[in-house]
Amino acid sequence: MHNMKQTLFPERIAGFCHGAARQVAINIVEETGSTNADLMAVLGKLTSPSLLLAQRQTAGRGRAGRTWHSTPGASLTFSLAWKFERPVQSLVGLPLAIGVALADALAMFNVPVRLKWPNDVLFEGRKLAGILIETASVSPVGSWAVIGVGLNMALGAEDVKQIGQPVASVPWLVELDQDMLLATLLNCLAEALTRFEREGFAAFVPRWNALHAHAGQAVVILDNGRVLYEGAAAGVDDEGRFLLDTAAGRIAAMAGDVSLRVKEG
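With numbering that gives the first Met the number 0 as the guide, the letters of the sequence shown map in order to residues 0 to 264.
To be clear, the hints were calculated from the coordinates, so they are not data collected in a lab.
Treat each hint with caution, since some may be false.
What the hints assert, rightly or not - Simulated crosslink set (DMTMM-like; lysine to aspartate or glutamate; CA at most 20 Å straight-line):
(1) Lys82 x Glu196
(2) Lys262 x Asp244
(3) Lys126 x Asp244
(4) Lys262 x Glu229
(5) Lys82 x Asp37
(6) Lys44 x Glu133
(7) Lys82 x Glu229
(8) Lys262 x Glu123
(9) Lys82 x Glu133
(10) Lys126 x Asp103
(11) Lys262 x Asp222
Computed from a predicted model, the values in this text were never measured in an experiment.
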């Protein structure tokens, strides 16, 4: 098992940051329940965008109440709190924009990923990273988003068994300078968030659709295991809704707690 502690130093990470990422306060803790929950609890006290990374997360959460497992040295789990001068309802497409930012960062390390609506980053068809966003309204025109990211790097058989779904592993990410890897992710995220603030999700649509894992495939949209829609995956619209070409024409599905599966058979 690689020891990441040698490299994760806030000052050193900050040294690799540029542009909007330079205003982010960086904190690293040995262990916590959930970095998202920790940041959500202190939003009122934050004076700048803040990143919290945990070497080990004991109660990390995924979407729809699933648990996110993290292993020191095998995954990067962090949350980024970012304040928007936008109402909370305008943040609907944010998880998709974050997917694009992560894809751009990973491409710099020769990890070509695809995006699965609404929150997953896939490598070779398996989940490499997950995104969980929680929001809080501060005024009719202002809001905070806490963006949780879990990136699998070198998961062993035991981790994979625990997770219980196909997960990707890119062991060479562990060999990289972890401070530089995290700073690259943060640079791409901060740039994307600044752009999202200015232009909204519409600015990310062409890139998301170019990275779409299931373009043209027959898929089903499930809500708690129940099929809501089925059709051919056509990408996303400017609102971040998922477009499906069905027997009855094109429809748009909102995220909520629904999940997408490739249609069997």
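Now the hints, each set against the structure:
no. : hint            : verdict
1   : Lys82 x Glu196  : holds, 9 Å
2   : Lys262 x Asp244 : holds, 14 Å
3   : Lys126 x Asp244 : violated, 25 Å
4   : Lys262 x Glu229 : holds, 8 Å
5   : Lys82 x Asp37   : holds, 16 Å
6   : Lys44 x Glu133  : holds, 17 Å
7   : Lys82 x Glu229  : violated, 36 Å
8   : Lys262 x Glu123 : holds, 18 Å
9   : Lys82 x Glu133  : holds, 12 Å
10  : Lys126 x Asp103 : holds, 16 Å
11  : Lys262 x Asp222 : holds, 15 Å
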